[in-house]
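Asker: Taken in order, these protein sequences are the chains called A and B. The numbering of the first sequence is our numbering, which starts it at 1 and goes up by one. The numbering of the second sequence is our numbering, which starts it at 1 and goes up by one.
Calculated directly from the structure, the hints in this document are not laboratory data. Incorrect hints may have been included.
Stated by the list, open to error - Below are the EDC-like pairs computed for lysine to aspartate or glutamate, each with C-alpha atoms no more than 16 angstroms apart in a straight line:
1. B/Lys55 <-> B/Glu30
2. A/Lys98 <-> A/Asp141
3. B/Lys2 <-> A/Asp309
4. A/Lys271 <-> A/Asp99
5. A/Lys62 <-> A/Asp208
6. B/Lys2 <-> A/Glu312
Stated by the list, open to error - For the chain A half of the interface with chain B, some residues (derived, Cβ under 7 angstroms), not all of them:
7. Leu159
8. Gln165
9. His169
10. Arg249
11. Pro251
12. Ile254
13. Tyr299
14. Glu300
15. Ser306
Note that beta-carbon positions come from the ideal geometry of N, C-alpha and C, so glycine has one too.
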Amino acid sequence: MPYRLLKFGLSSEYSEPRMFPVQGELRDAYDVVIIGGGGHGLAAAHYLATEFGITNVAVLEKGYLGRGGTGRNTAIVRSNYLTPQGASFYQASVELFKDLSRQLDLNLFYSERGHFTLAHSLASLRTQRWRAEVNKQLGIDSELITPEEVKQMVPEIDLQCGGHQPPIHGALYHPPGAIARHDAVAWGYARRAGEAGVEIHQQTAVTDIEIRDGAVCGVHTNKGFIKTEKVLSAVAGWTTEITQMVGLRTPLVIHPLQAMVTEPLKPWLNKIVVSASLHLYVSQSSRGELVAGASLDPYELISMRSSLDFAEGTAGHLIDLFPMLGDVKVLRQWAGLCDMTPDFSPIMGTTPIRGFYLDAGWGTWGFKATPISGLTMAHTVATGRNHELIEPFNVSRFSDFQLVGEKGAASVGH
Amino acid sequence: MKIIHCPVNGPRPLQEFYFGGQLRAVPTSEQVAAMTDAEWSDYAFNRDGSPGIQKEWWYHTPSGTWFIAERDIVTDGFVRTYLFDQADQESHNDG
Numbered sequence: 001m002p003y004r005l006l007k008f009g010l011s012s013e014y015s016e017p018r019m020f021p022v023q024g025e026l027r028d029a030y031d032v033v034i035i036g037g038g039g040h041g042l043a044a045a046h047y048l049a050t051e052f053g054i055t056n057v058a059v060l061e062k063g064y065l066g067r068g069g070t071g072r073n074t075a076i077v078r079s080n081y082l083t084p085q086g087a088s089f090y091q092a093s094v095e096l097f098k099d100l101s102r103q104l105d106l107n108l109f110y111s112e113r114g115h116f117t118l119a120h121s122l123a124s125l126r127t128q129r130w131r132a133e134v135n136k137q138l139g140i141d142s143e144l145i146t147p148e149e150v151k152q153m154v155p156e157i158d159l160q161c162g163g164h165q166p167p168i169h170g171a172l173y174h175p176p177g178a179i180a181r182h183d184a185v186a187w188g189y190a191r192r193a194g195e196a197g198v199e200i201h202q203q204t205a206v207t208d209i210e211i212r213d214g215a216v217c218g219v220h221t222n223k224g225f226i227k228t229e230k231v232l233s234a235v236a237g238w239t240t241e242i243t244q245m246v247g248l249r250t251p252l253v254i255h256p257l258q259a260m261v262t263e264p265l266k267p268w269l270n271k272i273v274v275s276a277s278l279h280l281y282v283s284q285s286s287r288g289e290l291v292a293g294a295s296l297d298p299y300e301l302i303s304m305r306s307s308l309d310f311a312e313g314t315a316g317h318l319i320d321l322f323p324m325l326g327d328v329k330v331l332r333q334w335a336g337l338c339d340m341t342p343d344f345s346p347i348m349g350t351t352p353i354r355g356f357y358l359d360a361g362w363g364t365w366g367f368k369a370t371p372i373s374g375l376t377m378a379h380t381v382a383t384g385r386n387h388e389l390i391e392p393f394n395v396s397r398f399s400d401f402q403l404v405g406e407k408g409a410a411s412v413g414h
Numbered sequence: 001m002k003i004i005h006c007p008v009n010g011p012r013p014l015q016e017f018y019f020g021g022q023l024r025a026v027p028t029s030e031q032v033a034a035m036t037d038a039e040w041s042d043y044a045f046n047r048d049g050s051p052g053i054q055k056e057w058w059y060h061t062p063s064g065t066w067f068i069a070e071r072d073i074v075t076d077g078f079v080r081t082y083l084f085d086q087a088d089q090e091s092h093n094d095g
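In isolation and in its complexed conformation, chain B is listed as follows:
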């Protein structure tokens, strides 16, 4: 059984978690207003699905905790997990 380290509840089995997709920069409403159709479709659909370590959202269902995991999507190894922080917030709004 695969164990994931929840930053609040510690090590818990994979079945308690839900994968929330890649962590991506979310544009502000002003940035969205200034986007071209091509930029918007790129934001809406395209993903970086290439091999390597990626930051992603995970959700611990029993405790309702959303958190960030850095995971190697080739080896399935979790590098670290932590709660969404200031650094993520800044890159989040880079648009």
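Isolated chain A (complex conformation):
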């Protein structure tokens, strides 16, 4: 190596800035402890610090940042949901996403592509019409289109699905549908939160939560006890472990959801294509890989194992829609955990335990909600009152029989 280059590399003047500071020891007490260093927990930490001036916050992550659902989803952002509660919530999220790269000073590769939900039957077409009309009422750009219009925008698609599946009858088209670089969302929030004074402790697992007289008073971790009166659980697929610690009963059950990427191809697909009947959604990343996801695994499992059944099924359905992909290779496949609620809406906000806040039930719709859930949960933790956007999603909706049936959720049979 030339001496000049070595000198340049070792010079403090040109040192590479760290994304996050090296974290010291855990302190004895914090104003707020956030469990889970995924997008949601880190976004909440960021907004607590920047919007509400609460910086004495620790984010505890048992693995590494973005190890869970944050880095395992298919990175789709959209707001064409079916319930007014869901649609306004996700719409607020899309609005935040649009400006997020600038706010976090990190390129999230947020790329508006347009999102198709294909209908393979008249019944499905009727649901898509319903969704389009609800969306329009709420000012969300969404329209039902004909098979010919689908073909015009995605010429590679086989409308007849090779005769192996029912043909495409039409689609719900949502032009603002986008994809983003999901890990960067977590990193960007973490960096901003760290700059504002939030501590981020990786490799730190919560082992128990201390409750006295119905209120949180501390958290036990593998690195010692922390005194705190406010705990936000933002662990999605691991929520049932945490709710067990505080004795809170919820409807959550965990199912894996699997996805895969193909080898990189030249850009040819600039839309996001989803087919509920084929249990498939696919888009092309900025790297050229096709990112394809399936529906939920058919039984409960708290494990991120991936299976051959999934690879076969998803590859088969990809060829049904795009026959020219026959000789494209699959690069990797993986699974993420989905904490499913019976009404396909999240569980957010205050709980019967004072100081214990829940951000859960993220099933198959968590990534797209990252900014807005961070903001609304920060508001809820800071003020002790549920933000108005998340009031319908409180855990009390089950005991009040006020479910929010969200049939616009992804990978859900309907």
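Following the hints, position chain B against chain A.
Answerer: For chain B alone, coordinates are given in the frame of chain A:
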């Protein structure tokens, strides 16, 4: 391919089975009549989704057999499978 041991038909591939959810105590009609709204909503919606071995219903589709499996929902290991029996019947009506 994952193999599940059907108590009637022996080892069969996963594709032949349907997951029927957690085995839960079913209250009698008298117990239901005496339930408060809170108890009823707890029964209707809440589940024990925490890690560990759970008893669950499985269905072998080709032969129409419902049976019980004890399965570790973290490792996906089946501990045992058997037909719904007297012991289950008793805990079933514990309400």
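Asker: Among all the numbered hints in the text so far, which are the ones the structure does not match?
Answerer: Numbers 1, 4, 7, 8, 9 and 15, in rising order.
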